[in-house]
Each structure stands twice: as C-alpha cells, then as structure tokens.
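Participant: Residues per chain, in single letters:
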Amino acid sequence: MKRYTIFVITENFIGILNRITIIFTRRGININALTASESRLEGIHRITIEVTATEETVIQLVNQIEKIIDVIKAFYHEDEGVVYQELALYKIPVSKLDGGLEKIIRQHGARIISAEPEFVVLELTGHKEQTQELLEILKEYGLLEFARSGRVAVAKRMLTIDSFVK
Amino acid sequence: MKDQMIRGADIVVRSLIAEQAEVIFGYPGGAIMPVYDALHDYHDQLRHVLTRHEQGAIHAAQGYARVSGKVGVCLATSGPGATNLITGMADAQIDSTPLVCITGQVAAHLLGTDAFQETDMIGISMPCSKWNIQVRRVEDIAPAIAKAFYIARSGRPGPVLIDITKNAQVDFGEFNYVPCLGFRSYKTHNPIESSAIEQAAALINSAERPYVLYGQGVILGKAEAELKFFLDKSGIPAASTLLGSGALPQDHPNYVGKLGMHGNYAPNLLTNKCDVLIAVGMRFDDRVTGDLKRYAKQARVVHLELDPAEVNKTVKCEVAVLGDCRESLAMLTAAIDAKKHDAWMKRFRDLEEEETSAVMQHDLTPTKDGLTMGEVINIVNQYKADDAVLVTDVGQHQMIAWRYFNYKKTRTQVTSGGLGTMGFALPAALGAQLHDYSRQVICVVGDGGIQMTIQELGTIMQTKAPVKIVLLNNNYLGMVRQWQQMFFDKRYSFTELDNPDFVKIAEAYNIKAQKVTERGDLREAVEDMLIHDGPFFLEVVVEKEDNVFPMIATGCSVEEVRLS
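Protein chains in written order, with this note's numbering: chain X, 1 to 166; chain F, 1001 to 1564.
Hint data in this document are derived by calculation from the structure and do not stem from the laboratory.
Bear in mind that the values here come from a model prediction, so they are computed numbers and not experimental data.
Ideal placement from N, C-alpha and C gives every residue a C-beta, glycine not left out.
Some hints could be false.
Said to hold, decoys possible - The calculated lysine-lysine pairs, modelled on DSS-like cross-linking and capped at a C-alpha distance of 25 Å, are:
{"no.": "1", "chain 1": "X", "residue 1": "Lys2", "chain 2": "F", "residue 2": "Lys1070"}
{"no.": "2", "chain 1": "X", "residue 1": "Lys73", "chain 2": "F", "residue 2": "Lys1316"}
{"no.": "3", "chain 1": "F", "residue 1": "Lys1293", "chain 2": "X", "residue 2": "Lys73"}
{"no.": "4", "chain 1": "F", "residue 1": "Lys1070", "chain 2": "X", "residue 2": "Lys67"}
{"no.": "5", "chain 1": "X", "residue 1": "Lys2", "chain 2": "F", "residue 2": "Lys1316"}
{"no.": "6", "chain 1": "F", "residue 1": "Lys1222", "chain 2": "X", "residue 2": "Lys67"}
What the hints assert, rightly or not - Which chain X residues face chain F? A few, computed with CB under 10 Å, are given here:
{"no.": "7", "residue": "Glu11"}
{"no.": "8", "residue": "Ile14"}
{"no.": "9", "residue": "Gly15"}
{"no.": "10", "residue": "Thr54"}
{"no.": "11", "residue": "Glu56"}
{"no.": "12", "residue": "Asn63"}
{"no.": "13", "residue": "Lys67"}
{"no.": "14", "residue": "Asp70"}
{"no.": "15", "residue": "Asp79"}
{"no.": "16", "residue": "Val82"}
{"no.": "17", "residue": "Val83"}
{"no.": "18", "residue": "Gln85"}
{"no.": "19", "residue": "Leu87"}
{"no.": "20", "residue": "Lys91"}
{"no.": "21", "residue": "Val165"}
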C-alpha cells in the first residue's frame, strides 16, 4: 500500500463527482482527501484525489474513472511524481497566547490570518506531515478547532490538459 | 415562429422516431402522461407496448435489443415506475445491452421537496447506468435523447437513463433533431496498435496448444465472420462463454463447447493445459474462471477487448489488443500462420466423450421414469428452426437449456448472464418476439422465475406475440436446492414451492396451454407447440431433485470440474 494522487479531468457536469466517488465506495476504498476546482480551461474541472492503496488497485480505479462518459482523462502519480500542498487552519484561544507561540509560528512558517477578541486563527500550508506536526504542538495551546484541506497538486510530468481536450 | 413550436412531450416522441425506434415498452403514470398523450398522435409511426409492470417493460426492451442489435427503449413514470426499472438497468449494465430508459419526473420547481412520486432517479440509477441525465428544460430534450442513443449503442453498449421533468414535457420548444456523432470526453474505442497485433501473432504462431475463449463481445462487435475466419485459418479450438453462445455455429469444426461453472468438461479442464490463451470479447467473469489463483497460470494470455477497464482486471494478460475485435481479428488472421492442431483438438474430443457417457446420456436419454430438463431441450432441438431464439431465465433450466440448445446462428441467445435476474425470461422473450413476429422465440423458464413476472402473460395475450413458453417445473427453486443438497447438508430451506395450476393461468390469458407429465407425450407436445400459430404455453413436469453437471463448485479451480 502506498499513497497515490489521482487526477481527473472532467466536463463540468452535474453528478460527476458522485459517479467518481461510487467507484471507490463499491470497492470499499477510503478516499483520504479530495479537492475539486476549475481548470485552466473554461468548462473543464479537475479533481484531485488522494488515496492509499496498491498500485494494482489504483490502476483499476483510474480505468473505471476514465470509463465515465463525461470524464476526459484520469491518471495517477506517486507522491514523488507530484508537487502538492495542503492548507491547515488552527483556531487558538487568546487566553493561551504566550511568548512561546511566536517562536512556534516563526519556526513553522505559519501566519496569523485573523485575530478576534477571543481567538486567533493560524494558517499553514505544506505537506500533511508539516501541518500535522504543528497540530500536535498547538494541542498544548488549547486548540479550539482544526481544519485541513485536501491535497491540491500538479504533476511534474510535462503534459498539459490541452493534450487531452481536443 | 410560434407555429413551429411543439410540446416537449412531442419532442420526446419525434426524437425516438428520428432514432428509428420501432417498438418501445412502457407503463404510464402521472409524471410521464404528457408523453403518453403525444404517443397517441404517433401510433402509426411508433409502436408502444403496454407491459404489466415496469420491470416487464425494461426486460422486454432488453430482449428486443439483444436479438435486433438495436437500442431497446422503455418508458416509465416517476417514483415507483422509475425504480421498477432499476433491476433491468443493472442487468443491462453488466451484460452490455444498449437501452434508453426514459422516466418522467416531477416538475422542476418541486425537485428535492419530496413531492408525490418523486425519487432521485439520477442518484439511484448512477451505479447501474452507462450514463444518465436529468432534463429540466424543453430545449434540452432532443440533444439529451440524441446523446443517449449515441452513448447506449456505441463503444461497449449499455443502459442510459433520461429523467425528464414534467414541466419540460408540457412546455413548447422548437424541434430540430441533430443526431449525436461524438463528443470530446467519450472515446468509443481505441485504435488498434499494429505492434499489439504483431506480438499477438508471434505468440499464437509459436503456440503448441493455443486455445480461444470467445464472449458476447464478438456478437456486439458484429465480428462473427471474423472469428470464424480466424479459427478456420489458425485451427485453434474455441470455447464459448454463456453470452458468447451463437457467435460461432456449434457445428464449426473448431468449436469445443462452453465455459464456466456449468459449462462443458473439456473446455474447463483444458484451460489449465493450454500454452497460449486467446480471449476475444470476454471479461473473465468469476463464473468462467473459478479460483483465479489456479486459473490458466501456465498460459500466456492474449486479450482482444474493447473496454480498457476489462484488461488485467482479473486475469493478467501478456498482450492486450485494445479495440474493436472485428478489426483486430481480421488483422490477426492476416498475420498468423495457417495451422492444424489435431493432437491438441483430440484431447478436447476425448474428454467430450467422457462427459457424454458420464453426464449427457443421463440428461438426454434418461432411463429412469422422471423427465429430465435435458431431454426436453433435446427434443426442442429436433424441431426448432435454425434461427430460433432461446430465451432463458435463471437457474437449473437456464444452464441445462444453454448446455443442450443447438446454437446455429448469432443473436439467438437471450439470457440474464451477469446479474442472474430471475423473472427475466418471460418479458425478454416478449421483447425478442416483438422485434420479429416471424422468428421462432422459445422461452425456457423455471417454476420459480416465471412467477416473478408471470403477469406479462397479459402483454403476450394483448400483443398476440407467438412466444413458445416451455415451463420446466420441478416444484423447486432448483439451483438453490442443488446447492443445499451439495453444500448445505440437504437442508432444503425455503426452496420447495406449492405451485398454482400453470395451465389454467395460461388459459385464463387465452394462451393455448398443455401440461406434459409422461415421456411418451413430450415429443408430440413440443411439435404441436412449435407449429402452433400464436403463443403457446407448455408445462413439462420434470424430475424434482435432478442436478446440473458438470460443475465447478465455488472456490474450486477449472481443473476441479466435477462430472457428478
């Protein structure tokens, strides 16, 4: 089992995400994270799915996804084949702020994006290992809330989606 | 401008006519009533058949599609009408049958409000459709239907669903039908790579014991002649899957029998003895392969397949020839050496003799009193037309009828293969018959399955479809009982049936009916049935506790195929 990123280039069509996710559900495979966004080309969406599975399974998933009528192209990469980022938000009560926190923010390259009378919100982007590390530290600071996005990624391979859209 | 505007419901019907639909099957209800109203105006151009249940409508559309090679069409209302189509959609999806299912839906402004007879049909049909779409505006109706037909019939065929809200059916719009010829996200099939053909040919030329397995892909790809030429030249023995039956006439010298759990002895056993396995338009279903860990491990596999998702899915291949097998078989035939494989072929014939003495003699020419299913099919074979269509349900009778029916022509086999849908046969036979009244359609069905859709006798009565129904009655859910006997210590849990008087039921529908309990009456009854002008219902009371052999039990390898 390994971590893979599956990219799906699709028409912007109602229900497409559902059609993709039921392929995972049917095989009892958990999606670690999923993000969807518009692509560089108008009307075309890209979906990025992070999954932990064997390569054999991932190949079959990709084949099944690509078979969906409104999917233009699906492919997968190992972590080494993609540049990826995740974004995490941490909500911390003002009462727990002390001098130590400044050091932590600097060390991790996090930033404060909101300060309210009762809490501040820190933001960190990076790989899951980095956002997780900060999460463990901030638990000591009475962390109120934590949210982490799915992976957004681009492939290192020099292929653009234009080559799939004809 | 306003005069050129027609109702959405008329657009639905005129689009179907534009797609050359001849017969459609359906059942009316609130949310589809505007379309039914429109059908009234076009009944000279488009025949609608009222079934007695929506499940009957979709199975009839499947039967029609299977024998005709055209797209089957069915129509249902929203809610329960639509959900009753689901079993047939799942069946068509797994057996690659081209269908367009049109369902009514509540008006767009009511969507999501739990309105009367509202069901999320897009959500429900998603896993069992090749594609689906909800149409909420009149101007989207014709393009959706055009796209639906194109998707249903192209590539690997399958069922599509169009869910049309009631407002779209009653609103007025322009009608200008533009057939769909393709779109960017959908590739019907891959072009054939000549390197794959070269590799496959080299492998086949070097083989000492090559073996061809062919499936329904040959029929769907209209590659029957190409398969025959390939076999003629290569001299390779060939076996059929359940749905591939009919793709090659069974009297072809290379034909060696049928594959799978209840297929023939030699084709299963020798799967593990061949050195090159050539799979054509088949998907290595678990009922064909048995235990995958012990399936053809010695063989180098060539897979001719249209659907890339089927390649390396269960059986790993050395050479994948992606694309249309009609083209790839022709290219391969040109690239291979002409050969004979007499010694290898003889191994099939020798094992066939073993099966004949161990199984077929009992089935076809029994000496005990009780009638066997096999002898009924044997007699049907003697009187049937060469292009007779065999429609079967699911269970023991299905396997026996398949084993013994003499397939001579393509598109003569209609059965629920992948899904195993009991209740399929009677409506499917009706649909097959309505494609061509002059063709002999023989519906072989068990006493369990027929009672799941027995109401379609009413549709047979109303359409006067001359379906020949052969009910093989053993008063049991026979296949389940066989498993209980073999694997559950003869604990016959809920498999025995108290049955009605089937002949009386058929007669109540004004269908000529006869019951046979004695061997001496069988031949004449079959003959009478097949020459009868109109539908005929023949009930044959068969041995209660007979079993289907050969058999590859669940979890066993193809080489563990049992003769008893």
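Participant: Against this structure, judge whether each hint is valid.
Facilitator: Evaluated hints:
Simply put, X:Lys2 and F:Lys1070 have alpha-carbon atoms about 45 Å apart, too far for the 25 Å limit, and the pair is violated. The suggested pairing of X:Lys73 with F:Lys1316 holds, with an alpha-carbon distance near 23 Å, which does not exceed 25 Å. With a C-alpha separation of about 32 Å, the suggested pairing of F:Lys1293 with X:Lys73 is violated against the 25 Å cut-off. Note on F:Lys1070 and X:Lys67: the hinted pairing holds, with a Cα-Cα distance of about 22 Å set against a maximum of 25 Å.
This hinted pair checks out: X:Lys2 and F:Lys1316 have alpha carbons roughly 21 Å apart, not beyond 25 Å. Straight-line distance between C-alpha atoms of F:Lys1222 and X:Lys67 comes to about 22 Å, which keeps the hinted pair within the 25 Å bound. Interface hint status for X:Glu11: upheld, as the beta-carbon distance to the closest one in chain F is roughly 5 Å, under 10 Å. Interface hint status for X:Ile14: upheld, as the beta-carbon distance to the closest one in chain F is roughly 8 Å, under 10 Å.
Given hint, X:Gly15 at the interface with chain F, holds; its Cβ is 6 Å from that chain's nearest Cβ, closer than 10 Å. Look at X:Thr54: its Cβ only gets to about 13 Å from chain F, farther than 10 Å, so that hint breaks. The restraint placing X:Glu56 at the interface with chain F holds, with a minimum CB-CB distance near 8 Å, inside the 10 Å limit. Nearest Cβ of chain F to the Cβ of X:Asn63: about 4 Å, under the 10 Å cut. The hint holds.
With its C-beta approaching chain F no nearer than about 5 Å, X:Lys67 sits inside the 10 Å limit, and its interface hint holds. A distance limit of 10 Å between C-beta atoms decides the matter here; for X:Asp70 the minimum to chain F is near 5 Å, and the interface restraint holds. The interface hint given for X:Asp79 is violated, since its Cβ lies 24 Å from the closest Cβ of chain F, which is over the 10 Å cut-off. With a cut of 10 Å, the hint placing X:Val82 at the interface with chain F is violated, because the nearest CB-to-CB distance is about 23 Å.
Contact between X:Val83 and chain F, as hinted, is not supported at the beta carbon level, the nearest pair being about 26 Å apart and thus beyond 10 Å. The beta carbon of X:Gln85 is not positioned within 10 Å of any beta carbon in chain F (closest approach about 28 Å), and the interface hint is therefore violated. For X:Leu87, the suggested interface contact is broken, since its CB lies about 30 Å from the closest CB of chain F, more than 10 Å. Interface hint status for X:Lys91: violated, as the beta-carbon distance to the closest one in chain F is roughly 33 Å, over 10 Å.
Hint status for X:Val165: holds, given a least beta-carbon distance of 6 Å to chain F, under 10 Å.
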